[in-house]
Structures are given as C-alpha cells and as structure tokens.
Amino acid sequence: MYTCGIDIGSVSTEALILDIDESKNYKILSYVVNKTGSNSKTAALESFNKALTDAKINRNEINSIIATGYGRVNVEFADKNITEITCHASGVTLIFPATATIIDIGGQDSKVIKIDKTTKKPIDFLMNDKCAAGTGRFLEVMAKTLEINLENFGDIFLNTKEKVDITSTCTVFAESEIVSLIGHGVAKEKIIKGLIYSIADRIISMISRVGLEEPVCLTGGVAKNSGISSAIEEKLGIKLSIPFEPQITGALGAAYLAAKIDHT
Amino acid sequence: MGMQSLKTSVINNVQNNLNTKFIKKLLRFISVKPVINLYGQSFKSIADRYLNIYSIRYLNEVYSENYPVAYGSLFLPYELINGLGLKPFLPEVIGGFTAGLGVSGKTIKTASNKWYSSDLCTFHRSATGASEMDLFPKPSFIFSSNLACDAACKSFQSFSRKYGIEKNYYLIDVPYENDKESLHYLSKQLENIFYDVSEKLYKKPDIENLKKAINYSNEFRKFAIEANNIRKQLFDYPQYFNGLNFILPFFGLCGTKETAKLYKIMRDELKEKLLKQDKNKKMKKVLWMHLKPYYRNEIFNILENNNCRVVFEETSNIFWEELNPEKPFESLAGKMLSNPLRGSGENRINAMRNLADSYDVDGVIMFSHWGCRQSNGLSRIIKDSFNRQGIPVLILDGDCVDINNCPAGQIKTRVEGFAEILNSV
Chain A
140 MYTCGIDIGS VSTEALILDI DESKNYKILS YVVNKTGSNS KTAALESFNK
190 ALTDAKINRN EINSIIATGY GRVNVEFADK NITEITCHAS GVTLIFPATA
240 TIIDIGGQDS KVIKIDKTTK KPIDFLMNDK CAAGTGRFLE VMAKTLEINL
290 ENFGDIFLNT KEKVDITSTC TVFAESEIVS LIGHGVAKEK IIKGLIYSIA
340 DRIISMISRV GLEEPVCLTG GVAKNSGISS AIEEKLGIKL SIPFEPQITG
390 ALGAAYLAAK IDHT
Chain B
3 MGMQSLKTSV INNVQNNLNT KFIKKLLRFI SVKPVINLYG QSFKSIADRY
53 LNIYSIRYLN EVYSENYPVA YGSLFLPYEL INGLGLKPFL PEVIGGFTAG
103 LGVSGKTIKT ASNKWYSSDL CTFHRSATGA SEMDLFPKPS FIFSSNLACD
153 AACKSFQSFS RKYGIEKNYY LIDVPYENDK ESLHYLSKQL ENIFYDVSEK
203 LYKKPDIENL KKAINYSNEF RKFAIEANNI RKQLFDYPQY FNGLNFILPF
253 FGLCGTKETA KLYKIMRDEL KEKLLKQDKN KKMKKVLWMH LKPYYRNEIF
303 NILENNNCRV VFEETSNIFW EELNPEKPFE SLAGKMLSNP LRGSGENRIN
353 AMRNLADSYD VDGVIMFSHW GCRQSNGLSR IIKDSFNRQG IPVLILDGDC
403 VDINNCPAGQ IKTRVEGFAE ILNSV
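Protein chains in written order, with my numbering: chain A, 140 to 403; chain B, 3 to 427.
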C-alpha cells in the first residue's frame, strides 16, 4: 500500500510517499522539502502533489495520509493528525532502530524526545518555550546580520579555534550584540563559533532536563549544519546519528503510522 | 437572542464598559430572578448551573455596598470570615475572572504601568491592575496568609495601602511545621482576629455564627468527599463539568449554606451519572495539578478528543479532618496546617501520590503557571517522583490569566503529544 506523511513546520514543509507491505517492510518512493511560506495549506497541497509526481502515482492510489507538525490541522485532505513528537519517534527509529534520544532542531522550535528502546515510542519530551532562540530562525537572522551565507557556518565553526561568548539568548538582543562586536572589530568567524556554542548550550540544557540516553539522533533542518552537530558532540562527548535527510523524519514517521489507519 | 449570544453580548459589554458602575448595574440586572434563571439554563451541568447563579448573586452582594467586604487570599480559613458576617472577596479568583471575561490584557497592562513587575504571578498582577482601575468593591478588612503563596502577602499589603486600611490588614503567619506548638500559635492568631474584627465592627463576638459556619463547612466537606469518591469510578461526566471551576466555593465561600448545597447537588448529579454510565467506557485517566487557564482555551477538549480525561484535580482534594465547632479556632488552625502546600515539598508530593493511587491515574499534568514559584519550584521533584512509579508527567508551562503568555499552538502540541504517550502505553 502507498501512504503519505506531511510535516508542516514553520519554515519548511515535507511530504513523503511510502510503499509499505503487510510485514511493515517499506520503501521511500519520493520525498519533497519545500518552504512553508505564508500559506501552510497551499504548501501542504503543493508538496503532496510534487511527491505524487515524483513517485509516479496518482492521488487515488494513496491509502492514507497523516499530517504532522505545527500546521497539521491545516491539512484538510489528511486522514489523521499526529504530533511531530510521535512522528519523529516513529521516523527516526525506522532509520536508526536503537535510538534512545532525539534532538530535533527546526525552524522555530527545538525539541528533545526520549524513546522507549523496546516499544520505539516516545516516553517523554521537552520543547523550547515561546522563544525561538536556539532554532533555525535564530541562525538565519544571525547569518543575515553577519552577511555570511548560513551554509558556510559549519566550515567556519570547524576551522576557527577561538570564540567570543554571545550572552544574549533573545534573537533581537543577540543581533544587537553581534552588531556591537563587529563594531569593535571582532572577527566574524569568532562570533559564528560563539553563536553555535550558544545554541548547543541551549540544546544540552534541554537534554539534561529530559535525561541523556544514548544513542542520540539529531534531526531537523539545523542538523544539516555541521557546526551545530559538532558543537553538541563536543559538549556531550558522544557521537550523534544524523539521518541522510534530517528534515524528513517527521514525514517518514507520519507515512509509516498512516499504514495503521483502518478505513473499514 | 440565544443564550450563547447573550453571554457573548455580556462579555463584549464588560470589555467595552470596564468600570464599577457598569459592573454593579450588570450584576443587579443578571441577579433578577427571571434573568438569572435564563442565564442558568445555559449550563449543562446542574452543579455548574448552581455555581454560576450562586457566584453572580454573591458578587452582586459584594458590590452592593450593603455588607462589610473582606479581601482574602486563597488559602484562608474562610469559615472565620464568613462566620464574622463579612462578605469575602478573593482578588486572586477575580484575577481568574478577568481572564474569562477577556479583560486581563487591560488589567495586567494597568498593573505594569504602575510598576508591578512582569515577574509577578498574573493572578495577582491582574487583580492589582483591576484594583488600580477601581474595579473592585472597597474593602473594610484585608486578610492574607503566608501559606503557599508569598506574593499574596505583598500584593494584599498593597491593597491595604491603596484603600487606606493598613490597620485592618491581617497577615496570618502559618508555621512551617505541623505540631502542637504550631497549632497553638496559629489558633491564637485566628482567635485574636475574630475578636479584634468583631470589635472593629462594633458588635459582640458571635461565636454561635462561627459555629454555624463550621457546621456548613463540615456539611460541604462530607458531600465533597462523597462526590470525590464517586469520581473514582466515573467516566461519564456531566457536560462541561470541570473541578477547576469550583475554586470560589471550595475556598472563599467555605462555611456558607450555599457551598454545602452546591456540593450536595454535585454529589447527586455525579451519582446519577455513575448509575447510568457505560461500564465498558475506558479513557486514560489524568490527575491535574495546580490551576488551569481561565481564558477560553482548548486544553480539556484536546484531552477529551484524545481519549484522556482529568479524573481529579489537586484543588478538589479534601485534605483536612472534620472540624469541631466546639473548638473553632483550633479546628481551623488544624485545617490550615494540614494543607499539603504548607511546609516541605514532601507534603505535596505525598498528597499527590496518594491521589494518583486513589484515582488510579495513567498520567499527571502539572500546569506550571508563570510566576507561581511555590508550585513550579517543585516541578522537577514531582516529575521524578511520578516517573519512578512509571507515571508520565507533563509539566505544562503557561499562564492561567495572560493568554499572551501561553501560545495555543505550543500548548496543543504538548498536550496532544502527552495524550499520544498515554494512549500508546
């Protein structure tokens, strides 16, 4: 059977089509990562249609659809909504079955999910509260302020030895702090190193609250930034697992769980 | 005009005419028998209906200027205040009402403009703002205690200054330990207050009236225990019944005939539901700790829609022994000292664990209200304590009064995520 998972985040929308048999063996037929933009309904529909085209199947061949992510309630054509907490747990444990902890850093929120190793289901979670500090959006704003492409942050982090501490957690105040540091002639590379460590510190604080248990998997768009993953690995003294496409684990989990929907 | 649109119209009118004159006029209008009966019909639970009618009548009396009004913080022995013939007015509870009426934005802003810190709990901030806007009736007496809530001692002192009645402000000092010496110390304070207030009211101390209040309190306690016992087996609740709506009668109107009657009604209504309920119905059972948001929100609908039900609330717990009307001050002191929020955090943890056992809950939600340090400070220990028993806990950070400090989307994801965990077990 074919199923679909759609994950609508604040920054990106992912749609994924899965071919899954009765023994739960599965194959990803297609996946799409799009910008959410101002209209999450449109983003969901466009991503779904693109995923169908890529998978070379028709809408009526899809058995069931699950929507997840903050915009899940806006996907009117979905059969069911499930939170990203459960969907990430499902998706990640398909790729890395032994995972005990997931760190997901998305556009506007970050979360830590603790997984029961036997049932592969979430048993506890923590999400960032109200403020977007330590998320993808925070990094985007800082990259713009520094006038450096965000994609280069990883290499800069790895190749820079010194850092300056960024003390402000608020995105707006951190932006002012950076402008001030640049004004004082501090090298942008050192600022980037400090910024990445500040995000890692916030994430590690969340992990501490939930309780670190290995293996740990890092997902979400920010997982593509090698600086962030390296900083977290360095601070925790562990090696993180990162999926081949860290943005699709929510949609993958949603598509996998969609196979359980009984239409009778 | 349908009942719902009448309610909306009342709320809109309050929002647009936020002044005491209008509040008084509105309360007088709603309190008229045909209007209040019509208003009562909008509540589907009988206990809820009685509660709302009774609350409006009570507020009408408080605002009527015909009675001496006493401000009080939440954890006071209200049998004493009601026994003195004072009309209790609970600013913290009214702070919750401001959220329900959609005016807490204005009251909180007013408090902020007067330099009240945004770190202060919004029950107090909203109440302080409302008081600064002269929306409250003028008090003759003010009472607070240091039981659980430290903010109350300070904000109630502010009220006493605002109304120029510093000499009529009584701060009850509740000792940390619950022992004989504490009981004596506390009961003496209550006794002194009783005689001092009677003198200030120019009346003979009326111990018989206090005994009457204590008897009503015992009646309420008995019915509440019976209602709570029924809830141990009940899934089929009267629509819109929520134990967290009964804060005013449970605390402030304790020791009145009406509260005793309310809990009798509640017991009977729940009993009837229990007899008729589908025995095969199974839902995940949740214990709710602390209070809830009092503005319009979806938390309880989300739980219901995800096969979860709040089967008991921390605030519905009858933690005290039956009171002895022949020893009123000692009994009331004993009631205060037996509050699980007094003293070590272990008292609260043990009480909550007992409730979790009694109600056989699958999970616990602790609402972590902004600024309420007496509660939030314990959240880690509470979570660990329940987790050791295999009971999942959601610490739900938010705000009971300020909707802007409690993003609906984030709350929805957390509550749904927690419900998914409970349902997956």
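Fair warning: there could be bad hints in the mix.
[To be verified] Computed list of lysine to any residue pairs in SDA-like fashion (alpha-carbon distance at most 20 Å, straight line):
#1 B:K414 with A:K374
#2 A:K219 with B:S387
#3 A:K253 with B:S387
#4 A:K374 with A:T308
#5 A:K283 with A:M266
Calculated from the structure, these hints are not laboratory results.
Open item on the list: With the threshold set at 20 Å, check whether the alpha-carbon distance from A:K253 to B:S387 stays at or below it.
Closed with: Status holds; Cα separation ~18 Å.
Open item on the list: What's the verdict on B:K414 and A:K374, does the C-alpha distance respect the 20 Å limit or exceed it?
Closed with: Cα-Cα ~32 Å, so violated.
TODO: Could you grab the alpha-carbon distance between A:K374 and A:T308 and see if it respects the 20 Å cut-off?
DONE: holds (18 Å)
Task: Given hint A:M266 paired with A:K283 - CA-CA distance at most 20 Å - done: violated (26 Å)
Open item on the list: Please verify whether A:K219 and B:S387 have alpha carbons no more than 20 Å apart.
Closed with: Outside the cut-off at roughly 34 Å; violated.
The structure fails hints 1, 2, 5 (numbered hints given earlier, in ascending order).
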